[in-house]
Amino acid sequence: MKLDPAIRDQVLATVPSLRAFAISLCGNIDRADDLVQETMLRALAHIDSFEPGTNMPAWLFTILRNLFRSEYRKRRREVEDPDGRYAETLKSHPEQTGRVEFAEFRAALARLPSDQREALILVGASGFSYEDAATICGCAVGTIKSRVNRARTRLADLLAIDSVDDFGPDRATRAVLAGGGRN
Amino acid sequence: MKNRRTVNVEEKAVDADKPEAWDTMGRPVNPRRSEVRLGREVQARIGQQLRAMYEDFVRQGVPQHIEALVRRLTEQDDGTA
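These protein sequence lines map, in sequence, to chains A and B.
Position one of the first sequence corresponds to residue 1 (this note's numbering), numbered consecutively onward.
Position one of the second sequence corresponds to residue 184 (this note's numbering), numbered consecutively onward.
I should point out that these hints are in silico values taken from the structure, not numbers from a laboratory.
Any given hint could turn out to be false.
Said to hold, decoys possible - Restraint ranges, calculated between C-beta atoms of paired labels, are given here:
hint, chain 1, residue 1, chain 2, residue 2, range
1, B, Gln259, A, Gly142, 26 to 36 Å
2, A, Asn149, B, Arg255, 38 to 48 Å
3, A, Asp157, B, Arg255, 16 to 26 Å
4, A, Ser70, B, Glu250, 32 to 42 Å
5, B, Ala235, A, Asp4, 32 to 42 Å
6, B, Gln247, A, Arg42, 16 to 26 Å
What the hints assert, rightly or not - Derived contacts from chain A toward chain B, CB cut-off under 8 Å, selection only:
hint, residue
7, Val15
8, Gln37
9, Trp59
10, Thr62
11, Gly124
The beta-carbon is built from N, C-alpha and C at its ideal position, and this holds for glycine as well.
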């Protein structure tokens, strides 16, 4: 197909963020690249259904998200993956997903239910409005808001174990604790 | 308790908040308000980490094979457009 170069450039310009979304969703760069590739094939095959002037990122993210969902459902049927196992994989093989310093955060992210994870990433990292995120996920705006809130609360719980010092209640309490004769 | 050790509290911008009351043990008199603020600090940190992780991926750009695929699919004239 011959495609307007401007549309093609819009597609390419979206790829870095689309791929970041894919990696954040599935926690594995190879799988993410497969998803992005599949998304490109599907999007370009149906480029006529994209209305120029509308939100290209939202359109591509919707396609990728739906591909991820159907693949995820298939995998769930094939292999029952016990909770936490995937997170352990991320911890022990951080090189598969990038920099080591984010391994712990990614492991916590991986333990969120996938509907909460995608909502949090879309709103908190990809920069979509709640409305766009709701369109991408095919649900109500209120549903996105509550998923994002639950995701944040759950992440705080998961990360709190190792972050007590960072998140100490206040300097007064910290000063008292530090001077309280421990050690 | 008189001889307190110095605690490193840099980056803890709690001074920005309105003063709160503390009991003799340094505990907030109004713990509920403190919980709210703690929640905000935690949420801000989570937001930062999420964006930092994501930006790290974004900076990797477009993989060569994907760019090649898109260009190939959009430049060939096979009569489908």
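> Can you name, in rising order, the numbers of the hints this structure does not satisfy?
Replying inline: 1, 3, 4, 9 and 10
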